[in-house]
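Enquirer: Add chain B to chain A, keeping to what the hints say.
Protein sequence lines, in the order shown, are assigned to chains A and B. To convert, note that position 443 of the first sequence is 1041 in this note's numbering; the numbers rise steadily by one, no gaps. To convert, note that position 459 of the second sequence is 1057 in this note's numbering; the numbers rise steadily by one, no gaps.
To be clear, the hints were calculated from the coordinates, so they are not data collected in a lab. Heads up, none of these hints are tricks.
All copies of an identical chain are treated as equivalent in the list; a pair is satisfied when it fits inside any one copy or across any two copies.
List time: in silico BS3-like cross-link candidates among lysine-lysine, alpha-carbon distance up to 27 Å:
1. Lys918 - Lys734
2. Lys984 - Lys918
3. Lys702 - Lys634
4. Lys824 - Lys1027
5. Lys973 - Lys909
6. Lys661 - Lys623
7. Lys634 - Lys845
8. Lys706 - Lys634
9. Lys909 - Lys656
10. Lys984 - Lys997
11. Lys1079 - Lys1059
12. Lys914 - Lys734
13. Lys656 - Lys984
14. Lys845 - Lys936
15. Lys959 - Lys904
16. Lys747 - Lys699
17. Lys936 - Lys734
18. Lys936 - Lys984
19. Lys778 - Lys1027
20. Lys849 - Lys903
21. Lys849 - Lys936
2 protein chains.
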Amino acid sequence: MSEQMGITVKKNENFSEWYDEVCQKAELSDLRYNVKGFIVFRPWATRIMNLMYEFLEKELQRKGHEPALFPALIPESNFHLESKHVEGFTPEVFWVTERGKGEKLEEKLALRPTSETAMYKMYSLWIRSWRDLPLKIYQRCQVWRCEGKATRPFIRSREFHWIESHNVFSTKEEAMSQVKEDMEITENTLHKEFGIPFIFFQRPEHDKFPGAIHTYAADSLLPDGKIIQQPSTHLLGQNFSKPFNIKFVDKDGKEKYGWQTCYGPAVSRMMASVISIHGDDKGLILPPRIAPIQVIIIPIFADNKKYVLKKCDDIKNELKAYIRVEIDQREEYTPGWKFNYWELKGVPLRMEIGPNDIKNKQVILARRDTQEKTKVREINVAETAKVVLDEIQKNLVEKADKFFQKHLSESKSIEELKKIIKEKGGFAKVNWCESVGCAEAIKTETNGGDIRGIRFDKQEKPIGKCVYCGKDAKSVVYVGKSY
Amino acid sequence: MSEQMGITVKKNENFSEWYDEVCQKAELSDLRYNVKGFIVFRPWATRIMNLMYEFLEKELQRKGHEPALFPALIPESNFHLESKHVEGFTPEVFWVTERGKGEKLEEKLALRPTSETAMYKMYSLWIRSWRDLPLKIYQRCQVWRCEGKATRPFIRSREFHWIESHNVFSTKEEAMSQVKEDMEITENTLHKEFGIPFIFFQRPEHDKFPGAIHTYAADSLLPDGKIIQQPSTHLLGQNFSKPFNIKFVDKDGKEKYGWQTCYGPAVSRMMASVISIHGDDKGLILPPRIAPIQVIIIPIFADNKKYVLKKCDDIKNELKAYIRVEIDQREEYTPGWKFNYWELKGVPLRMEIGPNDIKNKQVILARRDTQEKTKVREINVAETAKVVLDEIQKNLVEKADKFFQKHLSESKSIEELKKIIKEKGGFAKVNWCESVGCAEAIKTETNGGDIRGIRFDKQEKPIGKCVYCGKDAKSVVYVGKSY
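Isolated chain A (complex conformation):
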């Protein structure tokens, strides 16, 4: 059993196989559900994702966003109100066409691939005056997209779990502030709490969200150097408020169309980054903030089981006010088996307590991230556990940041760019003339490198020529291969 349980592939030798093995053996997901493209999110993953949801929702609510729940089914006619949106999403829609014993519906209903066309119909009924603005509403839900690409647990499946936040303002400036607030929310959760670094890029025109004026997307990296897109926030402007008739009477008595934004943190996809970035050859490593169990206590039974369990219980009770702590009391497994089991599951801190430790008034602490083992005086155990958990959190974020920074490069020529994309991966900064032709040529030359866009966090002025055509560059962009 113990042998079967362990991860057999090295992360730095074959990331892809390592990833699949961790998802399966740490019991995060199951691909065997009998609908193509759909996966089951197993309890351990669901508990981690629930903690991620909690951070995101708290942060949204702190910033004045309110939760609501909109129907999962959207009439086909709603879709057709915004032409780019329908064009972009229709190919991926699952359609409900029948009910009961084969009775046809009057109108086809889309399983929501995203909720603009469900929510904005209601917004037009709710918004009347400037007093109703800003309207900042989000929903926690799942969405369905019948994509053709291969299913990978958490990275891509036809059903995923996210939050979508949809906001209406009276001016473009306020809408733009919301875009920045969305980036702050992403920093405060995905980076600070979940330990995943990213850069927000303004996507080039040819790669925008269908219906948006501008799309700003957080790109992160997986260990193989490939980019994974994390939350994006979109300045929709008045592109939806006009066809959906979202109007308000402003303070000056004039009727105006609202300015809109939307933001979509996909929790199931954030989970993919958490698994990939922090994990090692023994399995998952969870940042303490999102670990369903932060400290696992393993009793080392010898002759006196009751005596050991009593001490474990006392310590658990001492910790539990501020730490998520459990005791693994199972009798059918050895301590060694349990060490492996909880390492695989990524619990950040293990506490071993045996009769000798009790005699010496100490416990043994084992860090999941550094594998360090230390003896701690029993009297200090709660305080020490708290400090060590904070250190683990910090260490995981720093390690992830270092990896990310190492994969930011710069290319002056197409040859250099090809080499970086092929050998190192990550992001390569280049000058670009902004022609779609050059973007396509770069993609071909680099065997799949996309232009991810302009950095949002700093202004970078193009000095020089386009890396492909040699004409004057119009922007500084980043190229990389993505999932």
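Expert: Just chain B now, with coordinates in the frame of chain A:
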């Protein structure tokens, strides 16, 4: 605005209209979404429901149930594995038959009306040995049922929000213990925290969940004396484990089929009871435990706005460690308007703070349930608010219990039964011979009174004759009209 805002119908004159008005004016739901039978759950309702979810999930987790997330789409073939289940649910299923631009799917997919046939396919893969049992997994999700009955917000819509808990055990006894645990969970949440009393009935054979051995359902009452079914828990026995092949090797080395139960607390429907039972002619009244805002502070601005707001802030900061508290700082509305607004929303406790109060080192507390106003010394405000909130919670539960007890009657003859059902409503205890014919006759005679079943919480032996046919009674059951 203020006039429009208030409830215009008296609850005891026309409950049904009162209910619809509260749902609309307290901004709980919106019926104008353009798919028949679907409603929008607006922010205030969603926040209340999220608190209800929190109580239910905590209670489930405390009792060893783990969360997971299963796909919303179920292949038609899964459905056909259990014959009663397919027969019971097929008439209500929404079917996904196409994707993209009209491409037919190979197999029709059901939007889950309930998840037995999705989850048990996976359970058969996960369960191998007695070590894997008990398996206690729940999911928080929504389900879709294309029912014909009229849509009523929270009471009945084609999409509703619930938790479904699905469990597997090695023996029938353990499964039966789970049924009792489910009843305990219901008591600890729906009754104690949300203030809704109920009785668990074992449903008669002709009214079971499709595929169950026994169905136990919690029946509650609405103010019009009609019954509303709240959570039910089902002893599935081996009816699903056999067709779904959920087998385990027991300690004795023999292969056996698992014993199953499932439990489905519908949070959106619990919300219907909360609105109906506690509300009054001014709108909603929320039990403090599930109030998104427990204390609303209304600053009474006079000349010195800054001074008043500063004091409100200080008090908010003092309360917020253990009370959900907000200040209504809006300048475009008067204090009187705000009083009405928050009464409509059901916030249990209002705190008024004006310059005179500050001078007298006091605040004014107004209870939503009794309308009592008291002056409280500023120095005691946090402690007092806590105590009063507990009193409100207790008072609401007691009032609900009293109403419920008053609607438990007993009938010795069909004439008496008809009178009770017609004039008083609620539950009428009768003797029954257990024939379906008599059940149908009782329903006709009473113009819709159903046999709800045998009480689970106490054994009541039938002494006497069937209330309809006069033959020897086999059981003591309760009759009532339901939603």
